[in-house]
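If you read the sequences in order, they're chains R, U and L.
Using the numbering used here, the letters of the first sequence map in sequence onto residues 1 to 377.
Using the numbering used here, the letters of the second sequence map in sequence onto residues 1 to 180.
Using the numbering used here, the letters of the third sequence map in sequence onto residues 1 to 436.
No wet-lab data here; the hints were simulated from the structure.
No residue lacks a Cβ here, since even glycine has one placed at the ideal position from N, Cα and C.
Any given hint might turn out to be false.
Said to hold, decoys possible - Facing chain L, from chain R, some residues (calculated, C-beta under 8 Å): (1) Asn66; (2) Thr69; (3) Ile71; (4) Ser135; (5) Met139; (6) Leu147; (7) Tyr201; (8) His351; (9) Gly355; (10) Gly359.
Stated by the list, open to error - From chain R, some residues computed to sit far from chain L (all C-beta separations above 12 Å): (11) His73; (12) Arg76; (13) Leu97; (14) Ile149; (15) Pro290; (16) Asn360; (17) Pro372.
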Amino acid sequence: MSQKLPPGLQLEKVDDRIMTLNVGPQHPGSGHMRIILKIDGDYIVHCDPDPGYVHRGEEKMAEYRNYITNIPHLERPVIHDSCNILYPYCLGVEELLGLEVPERAKYLRVIAAELNRCVYTEYWLGIYGIFLGHSTMFMWPVGDRELLIDLLDKMTGARVTHAYFVPGGVRNDVPPNFEDVCLRQVNYFEKRLKEYADIFYDNPILISRTKGTGVLSREDAIKLGTTGSVLRASGVDFDIRKKEPYDVYEELDFQTNVLKEGDSYARSKIPWLDMLESCRIIRDALQKMPKSGSVRIKLKPKPKGGDTEVYHRVESGRGSLGMYIVSNNKPEPYRLKISVPSFRNLIAMPHLLKGELLGNLPPVYWSLNYWPVEADR
Amino acid sequence: MSSADSTEIEKSEDSSPVYEFEKSLSDSISKKFSNVEIAYVKQNRIRVNVKKEEIIDVASFIRDELHFDHAESVSGVDYPKDKQIEVVYHLGSYTDPLLSKQILALATRTQREDNPHPGNDSSKLPSLCDVFPSVSFHERECFEMLGVYFDGNPDNRRLLLPEDWADIPPLRKDFAIKGR
Amino acid sequence: MSVIAPKFRLSYLIKGITDNLFWIIVLMTLLGIPAAMIVLIYIDFPVIDGEIWNPFRVFDAMTHPERALPLVKNFMQTDLFKVVAFPGFGFAALIAAAVIFVERKMLAKLQLRVGPFYCGKVEGILQLMADGLKLISKEIIIPAKADKPLFWAAPVLFAATAAAFVALIPVAPGWVVADIDLGLLAVFAVIGFFPIITILAGWSSNSKFPFIGGIRALFQMVSFEIPLILSLLGIVMLTGTLNLVEIVESQVNFPWIIFMPIGAIVFFICILAELERIPFDLPEAESEIVAGWLTEFSGMMYGLVQLGSYLKLYAFAALFVVLFLGGWNGPWVYPIEPMAEIITDGIVLMPDALVIKDIPGLPLFSQEMINGTIWFVLKTVGVIFFILLPRGVFPRVRIDLLLKIGWYKLIVLAFVNIFIALALVYGGIIGPGGIL
Chain R
1 MSQKLPPGLQ LEKVDDRIMT LNVGPQHPGS GHMRIILKID GDYIVHCDPD PGYVHRGEEK
61 MAEYRNYITN IPHLERPVIH DSCNILYPYC LGVEELLGLE VPERAKYLRV IAAELNRCVY
121 TEYWLGIYGI FLGHSTMFMW PVGDRELLID LLDKMTGARV THAYFVPGGV RNDVPPNFED
181 VCLRQVNYFE KRLKEYADIF YDNPILISRT KGTGVLSRED AIKLGTTGSV LRASGVDFDI
241 RKKEPYDVYE ELDFQTNVLK EGDSYARSKI PWLDMLESCR IIRDALQKMP KSGSVRIKLK
301 PKPKGGDTEV YHRVESGRGS LGMYIVSNNK PEPYRLKISV PSFRNLIAMP HLLKGELLGN
361 LPPVYWSLNY WPVEADR
Chain U
1 MSSADSTEIE KSEDSSPVYE FEKSLSDSIS KKFSNVEIAY VKQNRIRVNV KKEEIIDVAS
61 FIRDELHFDH AESVSGVDYP KDKQIEVVYH LGSYTDPLLS KQILALATRT QREDNPHPGN
121 DSSKLPSLCD VFPSVSFHER ECFEMLGVYF DGNPDNRRLL LPEDWADIPP LRKDFAIKGR
Chain L
1 MSVIAPKFRL SYLIKGITDN LFWIIVLMTL LGIPAAMIVL IYIDFPVIDG EIWNPFRVFD
61 AMTHPERALP LVKNFMQTDL FKVVAFPGFG FAALIAAAVI FVERKMLAKL QLRVGPFYCG
121 KVEGILQLMA DGLKLISKEI IIPAKADKPL FWAAPVLFAA TAAAFVALIP VAPGWVVADI
181 DLGLLAVFAV IGFFPIITIL AGWSSNSKFP FIGGIRALFQ MVSFEIPLIL SLLGIVMLTG
241 TLNLVEIVES QVNFPWIIFM PIGAIVFFIC ILAELERIPF DLPEAESEIV AGWLTEFSGM
301 MYGLVQLGSY LKLYAFAALF VVLFLGGWNG PWVYPIEPMA EIITDGIVLM PDALVIKDIP
361 GLPLFSQEMI NGTIWFVLKT VGVIFFILLP RGVFPRVRID LLLKIGWYKL IVLAFVNIFI
421 ALALVYGGII GPGGIL
């Protein structure tokens, strides 16, 4: 027997009663990560999430690129929600370089960010439906998402990974009759969203399967540092768009959705309620947007930050996404740390899954609004 | 060392360079602990540099008296010129409505060795897992990416890197990406 | 260098033709002569116009096609026809094929997409044929340490048991493959085979996921068989017979669903569970155990399992129609003209032309049979529609909730149903010697 195992491996004790199950990356029910479960009959005794399947070293690679070429690089962790992951980066770099963003660009940013939030949440809802065996709940959100991706295509030129936000504004202005098309599509989208209640949220089988499972109490949610829809489903009213508003969120009229139960059903309902709020925000922003104006500040070719550091955070589709930039008078950042909500919510997974039935693994695990690619960066 | 004493004007609302509320927070920390250094006081952002022996006391004080209850992120920064690795904890608060905009950056430094043996050399820091339970996964990531061992973290295993990683911790500055 | 079309050589062509001729002659001799002997010795030929039909009359069909009709009619009365074509396998397979296509199309429209579209000129009608051809052409892979005899036998047994179930269902008056006095009991016996076959298939695959799927299927089917049987006891009490044909005949005036609604609902839910359809498709839950007990079956074995599944679907829906909805009873819709004139005067196709009464052998089907078949098919299609619908609407239930439904709630409802039936019988309302 070997005395010294290579670092990272550990020796496993074999127990007659407890079976180790690898819900691995190549499994229809796991996303791109591995969950090591120890089950006793049908009950999960111990859960050990093992992310890192799609780890690429985003933070290290960001140190080799200057502030402008970092933009298409940093949007890759979440390709649908790319505007929201570039948002804190742009806010941070603007603080470092001392830039002032024009009004119209701020409104466009808000609209793009809300559209991205809806696109991501629809995809997440679709996969949630499929994990529970509900194929209609997969087809409807993914089909409705196409409307919004069309809008983003008109706005930015790409369906996903838009690379739309730059420090100093947005990359280009919208086409001429964009406001009417956007308003029409968002109205239709909101009508479709309300139909999800009939087929999914009021469905008795879904309610019996997810209500009361995976309950995260308010104190635990705060102590474990969870964020986003997981936090709001446990009764904590914290949304960065309201608490620390950035860009023009203070002037827009919307509310935060909070539910008290903290079970999987509440966690699956909050993103849907948030999408309804996003529709309101988009309509409001389209109305209040200045009709003309520049959308971008001209930058010097390789801008250099000062000798400081910044930390900014925004509310993305999954929760509060923070970016910590340390710069030292060079065109490349000295250190760039992305604090992703999926990684912060990961700590709730072993806590919640202990003692659950094996059949409850998909609803609880995916209801944590976990996007494996983002958590791995 | 980031000793930013330049007051940067934010792009949005508040333009007075003296931030009263943040100053009151940093004053309460420096009154209780004489050895800490307040790096900067900006709008909604404070930074406190602490030595590693005192970090648990300072963190407990911050949690109990100032009501910061969770960590937003934990990042390690490598300074090969000073031969030190800095670990910065960004702390936020969900419960206190006055503190919902504030983020307090708590920073410590530890020794850096040129040939690292992660877990067995002098880059060690006490873990804040007992004070703030939300940092456990972040500290694991810091351990594998920079080689800083956290005493007291119940689980110092690999998280993101593959099991057969045999090179130096990747976020160090002397780890070069091939081809660049 | 074209290997697909090598150069033409006359000797190869002649060799190919003579090879084919040789094999045709060999097979015709070795197989054809015994077959001809069996036909001539064992099969009874009909008597037409006073003389025994002989095979040479086949040539008659070219000039007088109507002379072949008595032969056809005679053939339709034989058991072989009943098993293979009409109320048996052919009819059921045709309905199963139509059901598969309709299910895919209906689900697609429900989910805002199109469904099969490109195969066949009209909205993908030939999709099923394309799928069948694809399955036949696939390689059948057997896991290394699988139990080979059981593994090969399991899909065949599955399809065979489903076909045995189809054989018990009466479609029209006089048209049933197996007219047994204890028909309903035979149905229960055949249904009892399905869990055994499922778990044999799961066990013989020698792999973890089929094993879990087989066990889940066993739990599910066993726990729902009891309410299934109990809910039908009410009907047996009211009609006093286990023969399916007599049960249908007792519903001439009213279907039993009016008096036994709870039993019908319990039976319907048990059907969904026995067929492993959503919301009860745990044994094939994709997001947890890849494909359940049929993970390791590939190619035509998978096709056989699917065929058996849809035959079972048709058989259960037909059973529901026979027991609760009145079978083939219904108002007269076809043929449109009243009965007696057709028999005496025949049908006139054109003025001064063919009067069908004069042709021996017609009518092929009796009027009651056509009418009965139409009503039976309509009712079965309606029930199948309701079985297919939950697939687009419900997610999957969890195993402990499923077992609670089967063992607690449905058994209680089935007992309530039995008490209602007892009350009706003892109250003298229905049943032997009742008012109705």
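Okay, the hints, checked on the actual structure:
1. For Asn66 of chain R, the shortest C-beta to C-beta distance to chain L is roughly 43 Å, which exceeds 8 Å, and the interface hint is violated.
2. A hinted interface residue such as Thr69 of chain R counts as satisfied when its beta carbon comes closer than 8 Å to some beta carbon of chain L; here the least separation is about 40 Å, so the hint is violated.
3. Because the closest C-beta pair between Ile71 of chain R and chain L is about 35 Å apart, greater than 8 Å, the hint is violated.
4. Hint on Ser135 of chain R holds. Least Cβ distance to chain L is approximately 7 Å, under the 8 Å limit.
5. For Met139 of chain R, the suggested interface contact is upheld, since its CB lies about 4 Å from the closest CB of chain L, less than 8 Å.
6. Annotation: Leu147 of chain R was flagged as interfacial toward chain L, and the flag is violated, the nearest CB pair being 12 Å apart, outside 8 Å.
7. Below 8 Å, beta-carbon pairs count as interface contacts, and Tyr201 of chain R has none with chain L, the closest being about 12 Å; its hint is therefore violated.
8. For His351 of chain R, the suggested interface contact is broken, since its CB lies about 21 Å from the closest CB of chain L, more than 8 Å.
9. With 8 Å as the threshold, the beta carbon of Gly355 of chain R stays out of range of chain L, its nearest partner Cβ sitting at about 14 Å, so the hint is violated.
10. The beta carbon of Gly359 of chain R comes within 4 Å of a beta carbon in chain L, closer than 8 Å, and the hint placing it at the interface holds.
11. Taking the minimum C-beta to C-beta distance to chain L, about 33 Å, the non-interface status of His73 of chain R holds against the 12 Å cut.
12. Listed as a non-interface residue, Arg76 of chain R keeps its Cβ farther than 12 Å from every Cβ of chain L; the least gap is roughly 27 Å.
13. No Cβ of chain L approaches the Cβ of Leu97 of chain R within 12 Å, the least distance being about 47 Å, so the stated non-interface status holds.
14. For Ile149 of chain R, the requirement that its beta carbon stay farther than 12 Å from each beta carbon of chain L is met, with the minimum near 16 Å.
15. No Cβ of chain L comes within 12 Å of the Cβ of Pro290 of chain R; the nearest lies about 37 Å off, and the non-interface call holds.
16. With a cut of 12 Å on Cβ distances, Asn360 of chain R falls inside the contact zone with chain L, its closest approach being about 7 Å.
17. At the 12 Å boundary, the C-beta of Pro372 of chain R stays outside the reach of chain L, the nearest C-beta of that chain being 15 Å off.
The structure does not agree with the numbered hints 1, 2, 3, 6, 7, 8, 9 and 16 stated previously, though it agrees with the rest.
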